[in-house]
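Engineer: One letter stands for each residue in the lines below.
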Amino acid sequence: MKELKIMLVDDEKRFLATTQKLLAREGYDILTAESGEEALEMLKSHNIHVVILDVKMPGLDGIATLKEIKSLFPLIEVIMLTGNATVESAIDGLKSGAFDYLMKPCDIDELIKKTAEAFEKRQKLEEKISMARTRSYMKSPREILKQTEGT
Amino acid sequence: MKSKDIRKDYYKLLKRKILASMILVPAIPFILAVMVSYYYFMTSIQTKTVSKMVRIVEDHRQMIEFFLKERKSDLQFILDSYNLNYISQPEVLRKIFYTLQKESRAFIDLGVFNEDGLHVAYYGPYELAGKIYKDEPWFKEVMRKGFYISDVFLGFRQVPHFIISIVKKDAGETWVLRATIDTLLFNNLVEKVRIGKTGEAYILNKEGIFQTQRRSGGDLMDKDKDINKYLTSPEEIKTFIEKDITGSTYLYATAMLKDKSWLLVVRQEKADAFMALRSAIYLVILITILGGIIIVFLAFYMSNRVIRRMELMDEEKKQLSQQLVMAARLAEIGEMSAGFAHEINNPLQIIRSEHALIETILTDLKERGNLKSSEDTADLEDSLHQINVQIDRCAKITRAILKFARKKEHVVSKIDLRKIIPEFTDMIAKKACVDGIIIKKEIPENIPFINADSSELQQVLINLFNNAIDAITLKHGSHGGKLDIVVRTVDGKVEISVADNGCGIDPENIEKIFTPFFTTKPVGKGTGLGLSICFGIIDKMGGTIGVNSEKGVGTTFTITLTNVN
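Protein chains in written order, with our numbering: chain Y, 2 to 152; chain G, 5 to 569.
Some clues are possibly wrong.
[What the hints assert, rightly or not] Below, in silico cross-link-like pairs of lysine to aspartate or glutamate (DMTMM-like), each with a Cα-Cα straight-line distance of 20 Å or less:
1. G/Lys-400 - Y/Asp-110
2. G/Lys-400 - Y/Glu-127
3. Y/Lys-122 - Y/Asp-101
4. Y/Lys-22 - G/Glu-347
5. Y/Lys-22 - G/Asp-368
6. Y/Lys-57 - G/Glu-347
7. Y/Lys-14 - G/Asp-368
8. Y/Lys-114 - G/Glu-347
9. Y/Lys-114 - G/Asp-396
Calculated from the structure, these hints are not laboratory results.
Go ahead and model the full structure; you've got the sequences and the hints to work with.
Structural biologist: Laid out in structure tokens, this is it:
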């Protein structure tokens, strides 16, 4: 029923597994990745709406992954998940185009709420895009008239 | 404790050294100056006293010589004016004598002798005419020399006197004129010299027989037993200091008379003569004592001041290094606990997820009717709830730690304390009002602006305010609380003090209050990080934060900020 597709990226396997189970129970379609690299790989082959990204990871860290995602898939909304209470790292994320941030340990309900908000934003954006596209197909009668007159 | 004693000993030793040098350094030139001036002063007084003595002797000798010379010329005049026959007439002699007495009352009698020593004519109080003086020593002497002044002698009349006689050798006849001089008058002439209390003058002949009386003992014709002690010289005036027979020490001045081998002596007791010297000695002693007292007093005062200054400086240094050590330790703890907190957050997140999963499953089970609600399920739910509560608690702690350790960029701006402190107090005003606390602010108008991060300052002050409110409510409940915020300038630094009349801090805790995780609040109420964060912030600002507290009376936190605009 929900077409929202989520990807959860964290280096903690157990967190991924449990959260996946939990969200699946709530009826969400959720993929998991254990690293930034894996996430980017998977995004190429899956249509994902919202990515929840841990800031601190071995290899490609959260901020770098975020930047990569934003350049490759600008429509995907990203929520940063930080174990560090510093607002700085969160601000860094927001500056690089993240939708919002959550502090570990975060409440699952809150996570769902933020994800829903992100999805809503994505929906609206998509709507706008399709509206813009439709507008370019649909031309006003006067214009059509002009065109026929010309020919 | 032991190191404190060592320190005390060190200061004592140092103080003794400083004191010694502070006494010695001025004392040496001082004593030298006193000694040199005393020496010159003494010499000058001695020279003055001696020269005064010499002058008196000289004047006196001149006077005596002049007296004798006059008497001699008196007689010479008579001798030149009359012949023997004429003068031998008693009536003539009487007239001549009276004329002579008009000249000087020192003449007692007048006699005329022929060359055989016969007393031809005499005028005077004695019956001496007709006596033969041929064998008398004075007669022999005057015949030989032509002029003679005798020593004082008794003679036929058995009364001390002395005579002046002159020989006249005239065409064939030789005669002698003799006059007796009143010893009393002569005596007065000599004796009238008075110097100081004990100064006196007298005349001795060659054998040391008194020719005049000596006031301090020594009758006419007596022998002065000290005669061989006198230094004499025919021309010069001699001065010397000598003990006399009675044991007193005298300053002497002696002079020989020219026409007569008489010795004029002027003497004064040494103590009397050098009276000025003695008062000079007293003065020198007084100056030395006073100067010494002043030097010692100043040395004590100065060394005390220096030592106190040093102690203060050392104390400050100690405090500063303590603060540095503390700051370093705090930074270390901060860094360590930040990493620690971060690592804890990940497992916490997992626990939270697991908790959420269990809860969801439990709800599902109940919804599907697989699990009937019972006491067990209620316990289970309660337990689950408790897990959540504890996760929250952990999260709160880790967040506080991370906040404490965070390396935030400072946004330093010019802060007007007069404006910003009321803003801060407004934030807690409501809470304070509920607890019945009266907030008093005292911020002078001339408080300079400071350069700091206002949000940091806010964090510190709000933390202190909250602590104060907690302490106050603990003691007073909701009545009688007082919170005083005073801002002052001290030596160009700005001092903010936050004073409460709350429960105070135990003395054994006061050293630990800035240490992270130290708290006296009940478990779960405080993280023990508030004050250590405050300390960290103020330290980074380059300021200091100190505390003064008395158990049961209140606590005052004082922040000193140096970054004054």
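Engineer: Does each hint hold? Answer for all of them.
Structural biologist: Status of the hints after comparison with the structure:
1. G/Lys-400 - Y/Asp-110: Satisfied, since the Cα-Cα distance of roughly 18 Å is no more than 20 Å.
2. G/Lys-400 - Y/Glu-127: 39 Å, violated
3. Y/Lys-122 - Y/Asp-101: 12 Å, holds
4. Y/Lys-22 - G/Glu-347: Violated, because 24 Å separates the two Cα atoms, which is more than 20 Å.
5. Y/Lys-22 - G/Asp-368: 13 Å, holds
6. Y/Lys-57 - G/Glu-347: With Cα atoms ~10 Å apart, Y/Lys-57 and G/Glu-347 stay inside 20 Å; holds.
7. Y/Lys-14 - G/Asp-368: 25 Å, violated
8. Y/Lys-114 - G/Glu-347: 25 Å, violated
9. Y/Lys-114 - G/Asp-396: 19 Å, holds
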